[in-house]
Structures are given as C-alpha cells and as structure tokens.
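A.B. asks: So the chains spell out like this:
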Amino acid sequence: METTYIKAINDALRIAMREDENVFLLGEDIGALGGAFKATEGLLDEFGSARVLDTPISESLIVGAAVGAAAVGLRPVAEMQFADFVSCGFDQVVNMAATLRYRHGGNAKCPMVVRCPSGSGVRGGLFHSQNPEAWFTRVPGLKVVAPATAFDAKGLLLSAIQDDDPVIYFEHKFLYRRVKEDVPEASYVVPIGKAALRMEGSDISFITYGSALYHCLDAAAELAKEGVTSEVLDLRTLLPLDRGAILATARKTGKVLIVHEDRLTGGIGGEVAAIIAEHAFEYLDAPVMRLGMRDTHNAFAGAMEEYILPSREKVLAAGRKLAGY
Amino acid sequence: METTYIKAINDALRIAMREDENVFLLGEDIGALGGAFKATEGLLDEFGSARVLDTPISESLIVGAAVGAAAVGLRPVAEMQFADFVSCGFDQVVNMAATLRYRHGGNAKCPMVVRCPSGSGVRGGLFHSQNPEAWFTRVPGLKVVAPATAFDAKGLLLSAIQDDDPVIYFEHKFLYRRVKEDVPEASYVVPIGKAALRMEGSDISFITYGSALYHCLDAAAELAKEGVTSEVLDLRTLLPLDRGAILATARKTGKVLIVHEDRLTGGIGGEVAAIIAEHAFEYLDAPVMRLGMRDTHNAFAGAMEEYILPSREKVLAAGRKLAGY
Amino acid sequence: MERDLELYHNLRLVREFEGRLSKMHHQGRIPGGVYSGLGQEALVVGSVYGLAREDFIFPLHRDLGAFLVKGVDPRLLMAQILGKKTGLSGGRDSFLHAGSLADGVFGATSMLASSLPVACGVALKFKMNGEPNVVLAFFGEGASSRGDVHEAMNFAGVQRLPVVFICENNFYAFSTPQPMEMAVEDVADRAAGYGFKGHVCNGNDLFAVMHEVGAAVELARRGGGPTLIECKTYRYSGHSEHDTATYRTKDELLEWESRDPIYMYEFYLQKKGHDMAALSAETGERVKATVDEAVKFAEDSPDPEGPEAMDGLYATQV
Amino acid sequence: MERDLELYHNLRLVREFEGRLSKMHHQGRIPGGVYSGLGQEALVVGSVYGLAREDFIFPLHRDLGAFLVKGVDPRLLMAQILGKKTGLSGGRDSFLHAGSLADGVFGATSMLASSLPVACGVALKFKMNGEPNVVLAFFGEGASSRGDVHEAMNFAGVQRLPVVFICENNFYAFSTPQPMEMAVEDVADRAAGYGFKGHVCNGNDLFAVMHEVGAAVELARRGGGPTLIECKTYRYSGHSEHDTATYRTKDELLEWESRDPIYMYEFYLQKKGHDMAALSAETGERVKATVDEAVKFAEDSPDPEGPEAMDGLYATQV
Ligand SMILES: Cc1ncc(C[n+]2csc(CCOP(=O)(O)OP(=O)(O)O)c2C)c(N)n1
Ligand SMILES: Cc1ncc(C[n+]2csc(CCOP(=O)(O)OP(=O)(O)O)c2C)c(N)n1
Ligand SMILES: [Mg+2]
Ligand SMILES: [Mg+2]
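Chains as they are written, first to last, in the numbering used here: chain A, 29 to 353; chain B, 29 to 353; chain C, 997 to 1314; chain D, 997 to 1314.
Keep in mind that the hints were calculated from the coordinates and are not lab data.
It is possible that some hints are incorrect.
Unchecked claim - Here are the simulated SDA-like pairs of lysine to any residue, each with C-alpha atoms no more than 25 Å apart in a straight line:
id, chain 1, residue 1, chain 2, residue 2
1, B, Lys349, D, Gly1302
2, B, Lys349, B, Ala249
3, C, Lys1123, B, Arg79
Same shape as in the complex, but just chain A (with noise of 0.2 Å):
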C-alpha cells in the first residue's frame, strides 16, 4: 500500500500497541491533537488516554518516566515534540537511560523508545531543525536509529519497540510526507545493526543516512550517466554502526563519500571516516570525503539555508571530485 513516512510510523505504533498490551505512549499533545505532526493520529481512540498520554511539558520527567515505566515491564514510546527539546530531557537518556543495565549489573532491562522528529530543510530555524542524533551515538547502552525509508520507518519503529534496550529513534520532519512508497500492511521488523545497500556500483561509495540518502540517490543516478557508477550505503542504524558494510563498500570502491545533513563537525560521519581511514587503509584510492551541513546554526532564512545544507547539487560535486581522483 502507498504510505507516507509519517504514516508508516503511525501503522507501527498502531500495529506494536495491538500487539503488546505493555506498549504505551507518552508525550505532549500525542492524545486528543495526534503529535504536532499527527504520528499518533487515532491512537486515543482506539487505545484510550492510560495508553496514549498527553503529559505537561516536561521533558525530562518523560523521558525519566519511560525508564521507570521500561524497568518494570512496560514498553514506553515516549515523543519529544521536535527532537530539539531532547536537550531538556539529555541527562535522563545519558546517564539514567544508557546506564540502567549496566549499573543494575545486567538485571535490568530498558525497553523503551524515544521518538525524535529532526531535521532540517523545513524552514524550522535554530530550535526545530536540529540533528541531535550524534550526541547519542557516543553513549554505550544506547542504540540509535534513523530511517530514511518509509519501509524502514515502519521496520525499524518495530524492531525498536520490541528490543529490549534504550533506542533513540530519529525521524526526518522533511521526509514526512515527501516519501511515500509501498509499504506492507502486516507487521515487520528491521533489524537494528544493519545497513541497507540501496545501490551497487564499483567506482565510488556514498555512505549516507536519513534524508541525505536521496541527494546520494539522486547524484548517484546522475553520475552513472557520466559513466561512474556508485555504492549507496544507507546506515539506517548510527548506534552501533554496521561496520562490517561500511568497510565492504569502502574496500570495494576505495573511493568513499560521508553524506549527512548533521553538521560536518561531531557528525557520525567523522566516525565513520575514522573507521575507513583505519581499517581500509590499504584499499583507499582516494582521501575520505565528507559533505555536511557547514558548522553553523540551523538558521532560518531561505538562502541561508539552503547554503549550509548538502543538497543534491552539493553530493554531485563532490562526487565528481571523488570519482575524479
């Protein structure tokens, strides 16, 4: 079936809260409103306020409650608003969260979810289009995810929901209702830990994740018009990273491009590009690339924007440049 992204999040919520009685969701305004981008449209209806709950603005307090909730059984979905605000919550996911486990010994589970709308390219400004995600992928105990698919948005949802530890989940405002694709009805799962290789070629390597992977697309496509043909490497999952296909792709083209709308400093493509420029060392032809979002603020006007975010026209340069060496 034809499915928004912001859909198929909605199906696996609906579909994990049919499934499991201890699925729960809490948030500001997920109830009576639907989330300030209706993810939990129709959910108070059918699940009723105990499992749908509208909490005061207090971010910390819900992201504190899921791990109590999580801790005695429970399988909290907790929203921030916008992932910007995950910041006011920060210390509970890092410290409280990350660490429940480990300093309980290994007899304690966490089985929560924070769902985090991010992204740029929406005109959001400074407070509502951050890509926080690489504030998380540093914090052992955690796992990050970040669809780029509305398959995967839906998968993923799932897998996180059922896994048995803290996942930060970060969806892509820009990507809400921009893809749409076919999507199964049924219940499914994908698996946290693995990449997905959107697309096999021989020349040069883009490693991407969320909304990035269509300017990836998009250039790659272009690219194999001038007769170069590309790897699309979507990480899907930044906390752990699928290393094993990063350093496939990377020694198979020797040529690699990091893509991320995340800033290009402290982005998870530094990480990644550190991986490569350790382990593949042998196998590179060319420097490892990065393209991010300039090291600045999110700011807000039209041509500012568009100026410090990669775009499709951004990732073609560089991958001409690349594919050059």
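Given the coordinates of chain A, work out where chains B, C and D with the ligands should sit on it, guided by the hints.
C.D. replies: Below, chains B, C and D with the ligands alone, put in the same frame as chain A:
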C-alpha cells in the same frame, strides 16, 4: 614557581578577579568549602560572597544565570561540581549560551566560562569519571578547551575568562595534584585555538590532549630508545581544532596515532582522523590509528578501569605497531 | 490622560500587528510559524508599559506585544518575522527567537521556560551592581511544568533577585488543557514554596495587570525580591496559525471574547468622557499606518545572502 | 512486640553497617567514597519498614539503610560497596549506584533527584495495571533544588500516582546550609503547588516517620495519589567520609546527637518494660555478626576481571 595543576586554576581565578571586577564565580560549595576539589579555595575570603556565589543544586540555573549575567556585561565563571553533571544543564549550554550571539544577529556577547572537572583514572565510577567534551565540540558558538599542563591550565583559563564567547573548560581531575611544574606567578594567556607541539620527531605523530598527553610522552620516550622519533601534538583547544597543526604533523610523519581518554566511538579522535584522512591523504604511509577508552561506561573496579582506559603500555604498543608499518 | 491614551495606543498597536500577521500568514506572506497573542494584549501592555529602557524583559512566543511596548522598532520586528536581513537576528531565526539587548529585550530559544534561569542572571547583575533595574520573565502555564521554572524561582527566592515572574495562564498548552498540565488551579500558589508572594489577576483587565505587576516591580526595585504574578487570559487563535484548535469549544471562545481586553478598556475611556468613536477611528488609523510602514519596510528589505549564515557565531574568531 | 524488636534490630543493623563502613574507610579498606547516613536511621527504617517486596524504593546516596530494610542481602550490598564481582552491579559502579530490582530497589545515578521522574514511571505502571503497590522516592533538601523534582511532583499530582516523596532535610547539601539552598523553612510547603499534601515530621522519631509515611502509603495504595513527607534530621558525619565538615559547629552536632533516633527508641522500649541492657547487648551481637559476615563475604569475593567492563551494556546485542 612549582605549581600544581589545581593551584594554577586557583591562581588564574584569583588573578582574573583582581584584574576585572566583572569576573565572578558561581557554583555549588565554591564558597566556604572552596569547591569539592578546592579550586576556589581562599577566594571567598578575598572577594566576598557576592563574587563567589554558592548556589543551590541547580545545574541548569547555574549555566542559565551565567548566560544572563554575561549578556549584560559580567564575566561569570560557573563551576560544575563534576563535569558529569553538565548533562543536567545541557540545554542551557548548547541552546542558550551557544546561540545567544547568533540569534541576536551578532549584537550580543556571552563572555562566560563553564569549568568542568572531568576525567577518569580516579576510581570515580560511572558518574564521576566522564569525559563529556565531545558533546560540546559539535556545537558552533561554543569554544572548548582541555589543558594538560599546569601552565596551560592557568593560561587557558585566563584566556577563557577574557574571551567574549562561551568557553567550556575541561580540567582533568587526575592531573589536579599529580601535575606540578614551574608556572609564572604573573598573569598570562595561552591562546585558544592553538595546539602545542610537545615533542618533535619525524617517524610518527601522536595527537592527543588532556591526561592522555602523558601516556603519549612516555611512549614517545620509550620509542626513542628504540630509534623511533615522535611528534607529540597536544591539541589543548578542542573547538575550534587547530587544523593547521594537525595537518602539519600528519603530513610530516605520514603516520598518526590519535589518543584520548574519552571513549573511542564519538570522541574527538574521529573528527581528527577524518580531517587527516581527507586533507592529508596523499602523505599517509599508514592507517590513521586511534586509541581511546573502550566503548563502555566508566566502570569502577580497578581491573575494569584499567582495562578500559588508555595507558602508557597501550599507547606504546599502538605506537610500535604504527611505526612498523 | 496622556497615559490613558498611550495605553490605548499600545493596546491597539499590538492588536493591529498581531491581526496583520494572521492575515499575512493566511496570504502565504510569512515564511515561518506565527503564534498569535490576540486576546492577551492587556497582559503584555499592562506589564511592560512604564518600564525603563534598562529594565529587561524575557518574552516568550506569544509576547510579540511586549517587544513593541518595550520599544523595539516595529519595522525591525516585522523584518525579523519575515526572516529579512534587517530583522533582529538578520534572518538567522524567525518570529520571536531574537531579542534586542539594547532595548532590554532578551531573545528566547524555543525551549520553553529556559529563559527563566537567564532572567535570574540578568537580575543578579542588577543586584550585584546595585542598579535599581528589574527583570520581567514571562512564561505560559504550560511552560510552568518545566524544571527550569523551579530552579529559577528557587534561586530568585534565595538571592532575593529583582525579577517578576509573569505566568500567562491561557488554559491551554498547545492542545493540552490545564487539568492535564497541573493538579492545581493557580500556578501562583507555587510562589509560597520559594519564599515570595504569588498573586492571581485578571489578565484581560489592563488595570489589574498594571496594579499587580506595578507593585511587584516597585518591590523588586526597592530590593524586596521576586514576585510571581499569574494572569488569567485566553488566546483567540489556535496555538499557531496552523492550528484549528478543535480541542476547545466555540462557546468557550465566545465567553472569552466577551471579556475582550480592548473592549473593556474602551469602556473605561468612554466613562472618562472620550468620544470613543472618534478616538477609536483615529487610533486605528495611527496603528494601521505604523504596521503598514513596518510591513513595507520588511517586505522591501533584502533577504540575507546564504553565506551570512556563517556570521555572528563568535565575537572573537580564532 | 515482634514488630518492636524487628524495628530495633533494623535500626541497630543500619547503624552497625554505617559505622563499620566509616571504620573501614579510615582503615583504607574501601576503594570509593562513603556517604554516611549515621544519625538518619529512623528515617530510612521508619519509611521502608513494612513495605511489600513489590513496592519500590528509590534511595539516594545516604539511604544505605533503605536497601537493608527493603531486603537487599547485606553481603551483596557490602560487596557492591567494595566494588566486587559479587556486588549488585558486579563492580561496575560503587556504593549506592546500583539497585536490586528484584527487591524493589531502584539504583540511582549520581545526578541528584534524577530518580524522581523514574519513580513516577514505576508508579505509572502500578496505576495502569491496577496494582496496589507504592513507590517511595527519597531526595535530600539539597536535591530539592533540581528541576527534576518539580517535573516529577507536578506529573505525580496530575496523574495521582501512588508515590510518596520523602525529603530528607538534614539542613546541609555538602557544605551549603539550607538558607543558601532555599528561601523557605519547609520543603513540604511545595506540595500545595502540585495538588497534594505535604507534611513535616521529626525524622529522628521513628514513630513519627512511620505514622506520616504509613498514612501516605495507605493513601497511595487506595488510589489517593502522592504525598510529600519532609523529615527533619541530621547527618553526624561530614558529607562524605573525606569531609571534615568545618562549615558547621560542634554545638550544632551535639544538639542533634542528643536527639539520637536509636536512643529515643531505646527509651521507648525501656518504658515498655524491656531489659534494655540485655536487649541492646544481644541485638548488638546479632547485627555485628550480620555485618561481620557481610564484610567477610565481600572481602573474600573476587574482584571483577577487566573485560567484564564490557558486559551488561545491552540486553540484546546487535
Ligand atoms: C521544552 C519545550 N517543549 C515543547 C515545546 C513545544 N511547544 C511550543 S509552544 C507549546 C505550548 C506552550 O504552552 P504555554 O506555555 O501554556 O504557552 P501558550 O502557547 O499557551 O501561550 C509547546 C508544547 C517547546 N517549545 N519547548
Ligand atoms: C545534579 C548533581 N549536582 C551535584 C552533585 C554533587 N553532590 C553530591 S551530594 C551533594 C549534596 C546533596 O545534598 P542533599 O540533597 O541535601 O543530600 P545530603 O547529602 O544532605 O543527604 C552534592 C552537591 C550531584 N551528585 N548531582
Ligand atoms: Mg498556555
Ligand atoms: Mg541535605
């Protein structure tokens, strides 16, 4: 004068407060107690409780109030009792302080310092050992420094206090009383943004900062006996990185080992490796190697802490491997 | 008399500005979100009117009027809302995510209530330097649930800071009605737990607001410490102009529209002997002209260039 | 009668355990920090005694006694404190940064008061599933300044959660005296702002604690929602065993030592006709034996191996 690292910090605070009456301190137990680590010892007596302000246990308030005071012309130096607790004031650092100037169209200043006693090796366990620096190095608008020597501890703190931008100052608990060296009594600054070449050589490069510097120096000394000469670059400032110095040493030796106490995945080493892999590729004779804390939490037990942290021996082994390429 | 008319002018200016934004939004002339304060004019005018330039205000997303009353140039504010180069943030952010420190207006981030600790920092400076200035920190009843509110009020109580906390209780946080946000009727009750006074007032009644906030401001100036004033009010529009506000009833809206702050104030002016028809028309002309000019200025202003996104990050580049 | 003696045993056990730690610390036999609860025994015993295994407690750094009363094996607790493989966290962290979910004891992080939102989450499960269990969430008067306390109490009020918040007011947060932490005398006053009751009680008086907390627990079990109980008490030791506590006077300490909770309770037992000399000696022997055994178990336990630091991060490895 022979001065410990912690005494150098104390001296810098005293000098700054004498030089500029707009400088004041705020934090938990910094007054009568002189701080959990005695960094502010004696300052209450000299400057009074208005300028050495004991606050309630409210990290978000501490950082936020510093931003407010800075915006109207004071120069606050906030203390986190442990760096780990900066997670409780995270939003104020990354959203409020870091964007203040930007969102006021450039017409604002935020001359504040957040002192964060960080680091492992002191049997502090999960929440008194953290190295949170890389959460902040991905945030434009902030500056991040991490001195390794007593001289730098003083000079960088004085620089940070004089700087018109928010500076997150990571001081290393392990070094507080273990580092002792000649430090000028007078006021001086160490410029933010400049790395220091601690040792010159031609075979391999260590790039490091903080407590790991000493492991690198020890390993380099040992390697010298084996006929391998090393460069040791102490980054000192982590945002902005001194790209010039990083690339210079990488190009010179063609063999780089990045070492930090911060966790391997997501530490600043990934960023440094990526910069080298992209911009010094042609000069590389070996994989860019990294050594950091293992990807887990700061475990408490002695053998565990030893197992996960970098050490002289681990650096030496990695250095030998690198030299052997 | 002078004051009566100034207040009236302010009320009408705020409403005209807000109303225009709503219209422009529906015409697709505004690039970002618009969070209307229509209906809450008495609250912002009554609390900010009469402050000195050196006093600071910390407005939130619905406090556009506070910018205007505090002295921010309507043209710059409109340019800010349109994301223009001439806007307060030079196009870097939109709507009220910008301030004008020279006018004593602190720009908020989006993180609700995160401004309150910062407001304490400004007040701390006033106290430390013995300056007789005050800080007004606004927050919604929804934002009152955030931890930063607690940390800020507690600290303000301990340090007896010259800050007035103003809670705009408009009974909803986005779609969430007050009973889902808190188990009490009055946020003002919380002041007792911080060692200062809390008062509830009718936020649609200009005089009530001026009276309560005025007294709190005077107390703060005299070194008497903080006060919490809760103003009960109502927003006519949805949460943002995108929101159709189906979570509330038409009757409820009607009830509140009948308590319209400007209407109430006009009744007062009429009692005082003004020819309200004439005054209303004349004031309407004036504020319309001001807003027209602001719109023209803003729309004629250049957009920022892309590379300007890299400027303004640091005061001292390394 | 049975109960009287059990309570006495608990009080003495906690004191013996705490006292032993202090001694061992000074002998250099404890690798990390020790935060003594000596003097606060009535508070932890009185509040935790009588809870069911399914009830949950959220102890903080000074609530070692709460672990013991709730049923955590003293040997495992001692092993935890020594960082042994047999400890609750298997050596991964030290002292009270570990819990035992099977015993209904939630392990805290170091971030003070960050447990309170989590306590609400556990209570939410009890409410959702209609289980008649309760949650006790402890926090110091110092920790009361953190935003998480506010967010948690507000939410607990809205949802009428079965949680009892217990503020241990021992008048200091590390070196900071209460007047620098808050502008009120009683933290309990804050409950009113969250729509539930707050009570102050003498935390050194076992009966007072049992009475207040007991009533709150019963209320919570019946679906009556949260309560805040503030217990005034005093820690005899410094903040940690490293702290010489020069920020307070000898006289103040003496005054509080004269309100010793165990002494008070022994006076009660004596009034009830017990031969206190005999009972005290006998109980002393028993608790000494228990702690001896715990120490022996812990010290004989193996240290964890280095690579174990990598285990326990994930339930389902990828
Ligand atoms: C920390 C944080 N969480 C969530 C939001 C999203 N948000 C923006 S406005 C709003 C409702 C605010 O309600 P209230 O404080 O009552 O102000 P009002 O809009 O009613 O004037 C929400 C939830 C935010 N901006 N910041
Ligand atoms: C968020 C946070 N900030 C600071 C600290 C450091 N710290 C540990 S205990 C303590 C004092 C706590 O005082 P209180 O809550 O009154 O408990 P008490 O020690 O008096 O029992 C401080 C400041 C911490 N653990 N967590
Ligand atoms: Mg509201
Ligand atoms: Mg205390």
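A.B. asks: State the violated hints by number, sorted upward, taking the hints as numbered earlier in the document.
C.D. replies: none
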